[in-house]
Amino acid sequence: MTIEHQSTESGSMLHRLNPSLKLAGLIIITTGILIYPSWRFSGLLLLLTILGFKVSNVPLHVSKKRIHFLMAFSALLFIFQVLMTANGTILLFIIPKHDLMGPFLPVTDFGIEKGFQMSLRFLLVVFSSMLFVSVTDPTLLAHSLTRLKIPYRYSFALVIALRFLPLFDMENKTVRIAQRSRGISISVQGMSRILRTIRYTFFPLLVSALSRVDALSLSMDGRGFGHSRTRTYLRKSCWTALDSAVLVLLSTLLLASILLTLGFLPQISAII
Amino acid sequence: MLEVHDVSFSYDNEKLILDSVNLQIRRGEITVITGPTGSGKSTLALALAGFIPRVIEGAFTGSLLIDGENVEKYLISEIARKVALVQQDPESQISTLLVSDEVAFGPENYSVAPSEIQKRVEVFLNAVKSSHLANRPTYALSGGEKQRVTIASMLAGKPDFLLLDEPSASLDPKGIQQLQKVLLGFKNSGYGILCIEHRLATILPVADRVLRLSKGKISRWSGKTSSAKTTPVEHFRRPDSAEPLLIAKGVSYSYGTISAVRDVTLSVYPGEIVALMGDNGSGKSTLVNLLAGLLHSTDGITYIDGVPSIEMAAQDVAARVAVVFQNPNHQIFERTVQREQYLIFDVLDSLDEAPSERPEEVLLAAGLANLKERNPFSLSHGQKRRLNVSSVTVHEPLVYLFDEPFIGQDEIGRNFITQTIRKRGESGGAAILVTHDSSVATSLCNRIIFMERGSVLLDGPPKIVLDRLGEIGYGEYADLGVMS
Numbered sequence: 001m002t003i004e005h006q007s008t009e010s011g012s013m014l015h016r017l018n019p020s021l022k023l024a025g026l027i028i029i030t031t032g033i034l035i036y037p038s039w040r041f042s043g044l045l046l047l048l049t050i051l052g053f054k055v056s057n058v059p060l061h062v063s064k065k066r067i068h069f070l071m072a073f074s075a076l077l078f079i080f081q082v083l084m085t086a087n088g089t090i091l092l093f094i095i096p097k098h099d100l101m102g103p104f105l106p107v108t109d110f111g112i113e114k115g116f117q118m119s120l121r122f123l124l125v126v127f128s129s130m131l132f133v134s135v136t137d138p139t140l141l142a143h144s145l146t147r148l149k150i151p152y153r154y155s156f157a158l159v160i161a162l163r164f165l166p167l168f169d170m171e172n173k174t175v176r177i178a179q180r181s182r183g184i185s186i187s188v189q190g191m192s193r194i195l196r197t198i199r200y201t202f203f204p205l206l207v208s209a210l211s212r213v214d215a216l217s218l219s220m221d222g223r224g225f226g227h228s229r230t231r232t233y234l235r236k237s238c239w240t241a242l243d244s245a246v247l248v249l250l251s252t253l254l255l256a257s258i259l260l261t262l263g264f265l266p267q268i269s270a271i272i
Numbered sequence: 001m002l003e004v005h006d007v008s009f010s011y012d013n014e015k016l017i018l019d020s021v022n023l024q025i026r027r028g029e030i031t032v033i034t035g036p037t038g039s040g041k042s043t044l045a046l047a048l049a050g051f052i053p054r055v056i057e058g059a060f061t062g063s064l065l066i067d068g069e070n071v072e073k074y075l076i077s078e079i080a081r082k083v084a085l086v087q088q089d090p091e092s093q094i095s096t097l098l099v100s101d102e103v104a105f106g107p108e109n110y111s112v113a114p115s116e117i118q119k120r121v122e123v124f125l126n127a128v129k130s131s132h133l134a135n136r137p138t139y140a141l142s143g144g145e146k147q148r149v150t151i152a153s154m155l156a157g158k159p160d161f162l163l164l165d166e167p168s169a170s171l172d173p174k175g176i177q178q179l180q181k182v183l184l185g186f187k188n189s190g191y192g193i194l195c196i197e198h199r200l201a202t203i204l205p206v207a208d209r210v211l212r213l214s215k216g217k218i219s220r221w222s223g224k225t226s227s228a229k230t231t232p233v234e235h236f237r238r239p240d241s242a243e244p245l246l247i248a249k250g251v252s253y254s255y256g257t258i259s260a261v262r263d264v265t266l267s268v269y270p271g272e273i274v275a276l277m278g279d280n281g282s283g284k285s286t287l288v289n290l291l292a293g294l295l296h297s298t299d300g301i302t303y304i305d306g307v308p309s310i311e312m313a314a315q316d317v318a319a320r321v322a323v324v325f326q327n328p329n330h331q332i333f334e335r336t337v338q339r340e341q342y343l344i345f346d347v348l349d350s351l352d353e354a355p356s357e358r359p360e361e362v363l364l365a366a367g368l369a370n371l372k373e374r375n376p377f378s379l380s381h382g383q384k385r386r387l388n389v390s391s392v393t394v395h396e397p398l399v400y401l402f403d404e405p406f407i408g409q410d411e412i413g414r415n416f417i418t419q420t421i422r423k424r425g426e427s428g429g430a431a432i433l434v435t436h437d438s439s440v441a442t443s444l445c446n447r448i449i450f451m452e453r454g455s456v457l458l459d460g461p462p463k464i465v466l467d468r469l470g471e472i473g474y475g476e477y478a479d480l481g482v483m484s
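Residue numbers (my numbering), protein chains in the order written: chain A, 1 to 272; chain B, 1 to 484.
Because the hints were derived from the structure by calculation, they are not lab data.
Among these hints, one or two may not hold up.
Claimed, not checked - When the alpha-carbon atoms are kept at most 27 Å apart in a straight line, the in silico DSS-like pairs for lysine-lysine are as follows:
no., chain 1, residue 1, chain 2, residue 2
1, A, Lys173, B, Lys249
2, B, Lys73, B, Lys158
3, B, Lys158, B, Lys181
4, A, Lys236, B, Lys158
Stated by the list, open to error - Anything over 10 Å on all C-beta distances counts as not near chain A; from chain B, calculated:
no., residue
5, Gln88
6, Val307
7, Ile332
8, Ala365
Unchecked claim - To give an idea of the chain B side of the interface with chain A (calculated C-beta under 7 Å), a few residues:
no., residue
9, Gln87
10, Leu97
11, Ser111
12, His330
Quantities reported herein were computed from a predicted structural model and do not represent experimental measurements.
We treat Cβ as the ideally placed atom computed from N, Cα and C, and that holds for glycine.
Model the full structure from these sequences, guided by the hints.
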């Protein structure tokens, strides 16, 4: 998560949606692809998510390295699934038969399907979460969750988490620079070096995070956080007709994925 | 009046941090408390704000009184309505993403009506000269802006007493002057103000009384300033044959679309101790990272000891350059002070060749020799900073690059760091020191590089640069240059 990813301003239609509804949308999408793990279904939702980035003017290229990493990781998931799944119709072998040796590592149609399933599901969960964070104002999210009778102590945990994301991102970069300044290079050769790399990265980050938690806790206590069971809000979230329409769409999506899972929509499941 | 009576406190039931302290903070008065690192100043502020013993555990005796009433039975949220504490690091105290949300946070917790909250947001942002920041994201503020927003957010709860722990620590001279004006305004409005400060000069002009806390006891401040040299260093003469240790040629660097360093060209020669100065956000820290080969410039090239830094491995850079960052926690990696001190020899694969006396000598000079088996993260802020300095200089690299090393340092810490830098210059190396303190620049350095919006504005001997700064509208750098 980069600083540029976070938004506190209302701009596009997605920005203006009720924050609780956006959270519900994220949960529904994640649940939908978990209970109905079709790669076409995941791909369709991924396309819609990417369209969401476009509609809300949230640049998807802000952190090119990170996007590259995500794409590479998703490709790795695909390859892993293809190689590890032996079921299905064999299309080819990675290592063909040679004399008396082989063939090895069959690639099956089911393996390819499973590969797409996993990699698209991974990309969808990550990108939809990024989009949610980008278009959701944490303070308004806290207010809208409070209206759903969730105690504000819990809803503010989300606000705090979102507030500190950019800070920890910056701290991570600073620790990496500090490591280089001491001549420490990231090494994964051997267990002891892996453990040392982890220790040299997480110790400074953890200590820094804990000291910030202490300071933040005092700062919040010192401003009456938790003084009473309710609190007022300067800025409030609201519910509009557009929210109702999107709620209907999301409910339909959830219902459809349940029905597809139960096999009640065979004609549609043949397509997606 | 806010007062503590006969207050004693120990975090571990053994070492007494506060020892029968009595103190009164009156409305309409600015009281300043100074004292060495670890003397209990921040602990006293926590006791005055009621966090000790309600939130922070330890052995506490004594009483806290507000307007003559003992508040022993009060909850912290009730005391917070009267007493507000602004801690050292404003970044860690901000809990929301929008400035107006941050100022509204306190009143919202006390269920103040939204219309009244809106008024308070406007009034208190205006009081700290930050009305223009109302709709800005908190993570995009500068250090000084965060400091002022934090003060506004504490005051929005309408307390009577304001406690500030090292409010000027990371402010540039402009920010300090703004802070002085803000505090004077609050004092005239009837607030009782307590400031904890190491850099006394930054707050003395507006202080009504100054106290000293040492070994848990409060006394009147004697008025003596540091024994550190304040006489200007002699003009540095560069040997004709000397090759520069650091070179930057047309170096630029951007964070995304924000340009931090623009077309900087400079050389640093053996024997030079350079003060790198400029307002917050002028690109000093980024330039330090570029010169140390830790960031790769988007344009231009940097050389360390004649070698392009982009071609150097991390170990080669560490062997030649010592860097100290602003936050000491970011560059502590080992489990004991001793291991931290020997880390560089391990990294350079020269543990066997490590001189046997040198690491111990440096630890002794840093005042850490008796803490060798301690976990570095359990040290005080000042001790951690001294460990940073000792562990990155123990192998005597050619160049020292220290980013605001004196923040939060008492006289002992300042002397250790000053001596470390001075010795490097005298023994044929060079040092660059990021500082806002012009007295450090004149007493320790033989050159000032002053940056403005990512570029070098002035570069030359300290006196000439400071005089010129006065002429071009940066007079506050000379006015505030008194070492406390």
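Okay, the hints, checked on the actual structure:
1. Lys173(A) - Lys249(B): 25 Å, holds
2. Lys73(B) - Lys158(B): Answer holds: Lys73(B) to Lys158(B) is near 21 Å, not above 27 Å.
3. Lys158(B) - Lys181(B): It holds: about 19 Å lies between the C-alpha atoms, which stays within 27 Å.
4. Lys236(A) - Lys158(B): Status holds; Cα separation ~23 Å.
5. Gln88: At about 8 Å from chain A, Gln88(B) fails to clear the 10 Å cut-off, so the statement is violated.
6. Val307: Given a closest Cβ separation of 15 Å, the condition holds.
7. Ile332: Given a closest Cβ separation of 6 Å, the condition is violated.
8. Ala365: 20 Å, holds
9. Gln87: Holds, because the Cβ-Cβ distance from Gln87(B) to chain A comes to roughly 5 Å (cut-off 7 Å).
10. Leu97: 5 Å, holds
11. Ser111: 5 Å, holds
12. His330: Where the cut-off is 7 Å and the nearest Cβ of chain A is about 5 Å from His330(B), the hint holds.
The structure shown violates the earlier hints numbered 5 and 7.
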